[in-house]
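Following the hints, complete the assembly by docking chain S onto the known chain F.
Protein chains in written order, with the working numbering: chain F, 1 to 105; chain S, 1 to 269.
Read the hints as simulated data drawn from the structure, not as lab findings.
Among the clues, some could well be false.
[Unchecked claim] To give an idea of the interface, some chain F residues facing chain S are shown, with a C-beta separation under 10 Å as derived from the structure: (1) 3; (2) 48; (3) 90.
Ideal Cβ placement from N, Cα and C applies to all residues, glycine included.
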Amino acid sequence: MFPHERSLVKRLESKPFALIGVNSDKDKDDIKKKNIEAQITWRSFWNGEKGTGGPISKTWEVQGWPTLYLIDHKGVIRRKFLGNPGDADLDRLIDELVEKAEKDK
Amino acid sequence: MRSLFAAAIALCWFGAMSAQNDQSADSKERADRLKAIQGEMTKATTEAREKIAELNDAAEKRTAQQELNRTMMEMRPKLAEKAMALAKENPRDEVGFDALIYANSMAMGNAALQAEARKLIIENHLGNPKIEDVLLQLSRKGRDYDVALLKSVFEKNPSKSVKATVSFILAQRLKGEADSPKTKDADILPKMKEALAAFEKVSEDYGDVTLKALRGKVADLAKKEIEAIKKSPIGKETPEIAAEDTDGTNFKISDYRGKVVLLDFWGHW
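One chain only, chain F, in its complex shape (with noise of 0.2 Å):
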């Protein structure tokens, strides 16, 4: 997944999109080296010490590891995948909604 979230964050770079993770790794000066290593820009929430059972995932009740939400640029939640929806799909799902919200601009 992170390859392609790479390209989606540089090719958006000038519209108005953000990739934002909620990170459940447990020890947290760990994900520093591991973002590095693995070259992750983009900014994630920390879910906390408990790892997958952190505060975050409990109040949006995510069931398993990767879940995605999309949501649109006035925040509605307008899509929810348990996994990876496909490189494809997810690119056209996220133009289709840059392309509204540069409309309301």
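Using the frame of chain F, we list chain S on its own:
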């Protein structure tokens, strides 16, 4: 005249009886052969298994386990073919059905043999209650389910638990459609509603049935799905997240209002 008639009936009766005896003797003989085929794997691997259990050295244990796995992988296609040959002698009866199921389960990687087993099962056993055990696998069609097949199983099969399984799979399929990235925005909520109704119906019709394939009672399984649909976040306002990032700086998801956000629950693990 009358006695001749009676004799003719008796003859027919006797003929029918002996044919039945022949048939059951034949099916018993084939059942025994199937049992022998099914026992081959256990027979060939018991000794190795016991040895592995006794090994203390982790590396040795791993090597022995790999060796055993290899033996089993080599045996599977051969057993599949043996069971298939047996099934073809009479694919219509119970022994034939058991042999087909076994051949199908052993034929992983052999698409042609699996397709052949599948075809014979569909031709001869849609009404067999035992189809329940293979229904999930049998009705898979790529990433989707073969709806026509499921519907004809529902019609032809008298078993309540088979009907319940079919109904539940069809409801799950509707939910899967609602969740699919291919589904158009405008269709998501209607499809969810449809799935909700399907789960409610299956729970009403078959609530007390236990589904072997899905390991649970319909009422319980459906309840979980119904709750999940009712709690679906689609179309709802994003709940605020205010927390620190992985560098220790606090931020909020609402800071990104005006932008499309892909929120990814992830981990390095």
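So, going through the hints one by one against the coordinates:
Against a cut-off of 10 Å between C-beta atoms, the interface hint on residue 3 (chain F) is violated, since the closest Cβ of chain S lies about 13 Å away. Checking residue 48 (chain F) against chain S: minimum C-beta separation of about 8 Å stays under 10 Å; hint holds. Satisfaction of the interface hint for residue 90 (chain F) is found here, the shortest Cβ-Cβ separation to chain S being roughly 7 Å, below the 10 Å cut-off.
Of the numbered hints stated above, the single one contradicted by the structure is hint 1.
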